[in-house]
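For the sequence shown, the working numbering assigns the number 17 to the initial residue and increments by one for each residue that follows.
No lab work stands behind these hints, which were simulated from the structure alone.
In this text, all values refer to a predicted model and were calculated from it rather than measured experimentally.
Here a beta-carbon is modelled for each residue, glycine too, at the ideal position from N, C-alpha and C.
Heads up, a few of these hints could be off.
To be verified - Beta-carbon label-pair distances, calculated as ranges:
#	residue 1	residue 2	range
1	229	177	35 to 41 Å
2	121	307	40 to 46 Å
3	59	259	24 to 30 Å
Stated by the list, open to error - With a Cα cut of at most 27 Å, we get these calculated DSSO-like pairs of lysine-lysine:
#	residue 1	residue 2
4	189	58
5	93	58
6	228	243
7	190	93
8	84	190
9	228	190
10	58	163
11	58	84
12	84	189
13	84	163
14	189	163
15	93	163
16	243	189
17	228	189
18	243	58
19	163	190
20	243	190
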Amino acid sequence: MWLDHAAGVTDQPEWIQDNLAFCLTNTGAPQDPGERFAINIKRTAEGDLSYTPGEEVTITLRLEQYGKGDVSALTLKEQLPEGWMYRGMASGNLPDEYPAGGASGELVFSWNTEPEFPFEISYLAMAPVSDEVQLFTGVASYPVLGKTFFSNEVQTRFRRYQTILATDRVIDKKYYASGQVLDVTIPFQRFGMEMPLVLGYVEILPDGWVFKEVVESDGIEPELFPKANATGTLEFAWFSPPPMPGSFTYRVYAPGNAAGLARFHGYGLYRFTDIQFVTARVETVLPRIQGA
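With the hints as extra help, turn the sequences into a complete structure.
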């Protein structure tokens, strides 16, 4: 992919894979309880994704249920960047188990019964002495009929003084059905003063899903985008910087034999001079509900 080579990206992420199946007809596979329910997480923080060494940052995680179903328990694992220290809970739906103050590395929050969705938790993290851009990651797991399923992996970059870009994904439905068409909007936003010279975006579709077209909307249409009926990895690009914040929308088709949880992955590529940067990666999980 020209965008990856331009950015110096050589290793693709090891995305979590669920039990993804395909049926042999266009009527949709029999429904498994685990594919009718998904959890998606978003992370926010005070301010403009910047931190000050030696000061606390309030990190908020919002967990939302997509689809229909129940879980008997929930575990959320949050990975702090090196040198950061957990300082305690700030607010929100208090877990049954959570780390002790002073913890670092992987933080584990657990609910022994199903929490009421959607809900938020907030915790305090102390920033180390550093000038680097820092990456937070997190993922939730939950059991359904003896099987373990995973939420999206949520990533967020925090900056010291640099300009960074962040992307997101908004899908017009919070579930899919086999044979359905969905519109996917990709917002992008700049944090900091510099304006990128070029912007690219890479989207990795669920297996077998088909790109149809870029949709006319209030967004900024890319100058480069895939041909109709492309599958797998899609590339979009602007050779002159679009206004920020901005967005674009594309249309995608879920094939008639699609089944299981559908995972979308994506990330942005940008540069200010001759050095390329990569945004935090964005993942969205859609459950399958036929005949909703």
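- Query: Which hint numbers doesn't this structure obey?
  - Reply: When the structure is compared with the hints, only number 18 turns out to be violated.
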